[in-house]
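Novice: Could you put the whole structure together from the sequences, leaning on the hints where they help?
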Amino acid sequence: MQDTPLSRPLVVGVDVGGTKTHLRAFTGEGPVADHVRTSGGWRPHDPVAAARWLAALIADALPVGARPSAVAVGGHACETPRQCDLIRTALHHHFDAPALVVGDAELLLPAAGLDKGVGLVAGTGSVAVGRRADGSVVQVGGWGAVLGDEGGSAGLVREAARSVWAAHDRGETPDALASALVDAFGVAEVPALGAALEAASDVSAEWGRHAPALFAAADAGSLLARDVIAAGGRSLAALVVRLSARGVAADDVVIAGSTVLAQPRLYDAFTTALAEALPGARPRPLHVPPVEGAVALARSIL
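Each step along the sequence shown adds one to the number in our numbering, with nothing skipped, and position 212 is 202.
These aren't lab readings, by the way, just hints derived from the structure by calculation. Quick reminder that beta carbons are idealized off the backbone N, C-alpha and C, glycines included.
Derived DEER-like restraints, expressed as beta-carbon distance ranges: (1) G125 / A190: 36 to 46 Å; (2) H82 / R(-2): 14 to 24 Å; (3) P21 / H158: 45 to 55 Å; (4) A206 / D124: 44 to 54 Å; (5) V136 / H158: 19 to 29 Å; (6) P269 / H25: 34 to 44 Å; (7) R232 / A178: 37 to 47 Å; (8) A239 / V278: 15 to 25 Å; (9) H35 / L213: 33 to 43 Å; (10) P269 / L104: 11 to 21 Å.
Specialist: This is the structure in structure tokens:
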């Protein structure tokens, strides 16, 4: 990019998701950058590497010579305040500006213009977060596709494979879900699905991309697929219930994620289960990109 003099404070917000990363930057005069790229190379458990990755992303997106006045990042798999703080500290080696790093689900409430409630993400993975009255962060879920992420695309595919394999073991004729997964993974029969899942080098991304097969099977009449989706919706509602039980105000539940908002069957299963478990909770789909929450947080630390 060409050099662009910036006379007003420059705020940078970054949403690092499980699959894609979105950066927006603004000055008082208006937008400076709106940049989307893959999240490949994001290593949140290595603070130095994570900070280096973020610094390169910001340098690539901003005009040459522009220096952020404040940076806020919502990071996928940034699971504890300590981990996020280590990344924030490492960022100070790259920018002489206030910085804030939080988990990506923490972007949802500020993006929705709220200061309390629950942020729920169900995209490639699933996680929910909120704050107690004393300001302490509580996060539940987000355990990754191997151990959890129920209701996220990768977790749904894992459970779909378990469901069709169990049906196979019961001697049932393969249904539309079995056929859809066999085709999606390019294997010859249901028993080969296990090896196909285990062969993934990037489990979350490679499993998650097959989620459309599950929803297509449900539309085709597969009861197995519908049961998997219903269980995924209940699991997402259970995340909110856990937060409520731990002292988080759950009156408003802001929902984002490429899976739950794009798939009406899953969204309906979630809201039905939520209404049964917490009748006072109000589901609020997020209608702006979560990166707007990062921009709002960056402005708050100027």
